[in-house]
Each structure stands twice: as C-alpha cells, then as structure tokens.
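**Q** Sequence:
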Amino acid sequence: MACVLHKYCLLNYSQVQSGPLSRPLITNRAADTWLVLIGDSGVGKSNLLSRFTRNEFNLESKSTIGVEFATRSIHVEGKTVKAQIWDTAGQERYRAITSAYYRGAVGALLVYDIAKHLTYENAERWLKELQDHADSNIVIMLVGNKSDLRHLRAVPMDEAKALAEKHGLSFLETSALDSSNVELAFQTILTAIYNIVSQRQMTGRSDTDFSPNSNVVPITVQPTQNAAKSSACCQNN
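Using our numbering, you'd call the opening residue of the sequence shown number 1254 and step up by one each time.
If you're looking for bench data, these hints aren't it; they were derived computationally from the structure. The model shown is predicted, which means the values in this text are computed figures rather than measured ones. Treat the hints with care, since some could be wrong.
What the hints assert, rightly or not - Result set (DSSO-like, lysine-lysine): computed pairs, CA atoms no more than 27 Å apart in a straight line:
1) LYS1335 <-> LYS1369
2) LYS1414 <-> LYS1369
3) LYS1419 <-> LYS1381
4) LYS1381 <-> LYS1369
5) LYS1332 <-> LYS1381
Please build the complete structure, drawing on both the sequences and the hints.
**A** This is how it looks when you write it as structure tokens:
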C-alpha cells in the first residue's frame, strides 16, 4: 500500500492511502473521524476527496472501484482532528461492498451533480441506504458539486435546500474544479462531529453512544464569497 505525505498550510499532515478493498481498524473516533462520500457515479466524489486531502484535481478521473480512502488532519478549536474519508463507488455492482463501510461512519457527504438532475433525484435513495446501514444519528451534509457548471444547472439551489431541510441535513454547493466551498464543506461537518464528541466526553457518555441529533443544533453553512456570487449569477439566468 503506497503512502505519500503532503504538507501545506492549515495542516499538520495529509496522508494518502489507496486500496480498493482495504479497511483500517478504527479504535478512537475522537482521533480518527470516519467520513464517507456517497452518491451516483460521476458526481465528483473522488475529486472532492483529492482536492481536500491533496489540493489536486484530475480531469481524467475514473470511476472508483469498490472503496478508496485518504486522510487529513485539521485544527478545530485548537485541537487536531484526523479525518479518515472513504470514497465509495457509485455503481450498483459495488453496492454490497460500499454499504458495509457506512456502519463505522460518523459523518457523510451525500454528493450530486448540479448539472444532472437524475443524480439529485437519486439522493433520497442514497439517504435511505445510509438509514439502513449507518448509525441512525450520523451527521449528513447534502453537497451539490460542480457549481462551476452553473451555465448547465439542472438542480435549482432552492430545491436542494428544501430537500436538505426536509431530512434535517446541512447543505452546500461545491466545485472540486475551482475549489469553491470544498474546504468549508469538510471543515463544517468535521467541526460538528468534533463538538458532538466533545460534549459527549464532558457528560461522561461512552464512546459507543454517538448521538449527534441530541447534542448539536442544526449546522448553518455560510458559502464563500465566490460561491455566493455564482449563486446570484445562477438565479439571474
């Protein structure tokens, strides 16, 4: 298994490990925060992961086979939080493999392509899979990726916001291509999870008692200035 170390601003380190069917042992959720990226094939999950962990984007990115993961450490309230992020395949033939990885996750980014309405329509099916296989209180963010394709927009932002509100999810639009809101998306969900774990520790609850909804107010996400301008542009078209 290859291991490459990257260092850049705001990080202690970033460790990239690839292995379609490899799975690490999680021993401390507070130290190793397990996230999953889910959604249809081709929505940009792999590039979101590579943008966040390595600050890279690959125009020739191929569909994930099975499951791959990368890690990155960020600072939250003066503490280091290590995120272990799993990129799951969107194809039906890998569903039995990928759903097994939901069980250890405490957070999920449910990704669709703003230029392909079908990927958005399928979001509720992906959400049901999470409900069937993951912890009932997993923290979930609905992510409309490829916001740089606003001229091809097929999913109105207000429609996606309404879906997120319906299911109690946070919502954000991102672009792995130009980096818009990628950092914010991961930082927001990791901060929410960190706050949950911290409050649990303060109240003396066990590590296995992970109940985000009972401890944290809904996540409010403020888009970056560039994303706000893009949204305004889209709404005027």
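**Q** For each hint, tell me whether it holds in the structure or not.
**A** Verification of the hints:
Pair hint LYS1335 plus LYS1369 does not hold up; C-alpha atoms about 32 Å apart against a cutoff of 27 Å. Between LYS1414 and LYS1369 the alpha-carbon distance is near 16 Å, which keeps this suggested pair within the 27 Å criterion. Under the criterion of a C-alpha separation no larger than 27 Å, the hint pairing LYS1419 with LYS1381 is consistent with the structure, at around 14 Å. Distance hint between LYS1381 and LYS1369 is fulfilled; the C-alpha atoms sit about 20 Å from each other, no more than 27 Å.
Of the pairs offered as hints, the one joining LYS1332 and LYS1381 is violated, with about 33 Å between alpha carbons and a cut-off of 27 Å exceeded.
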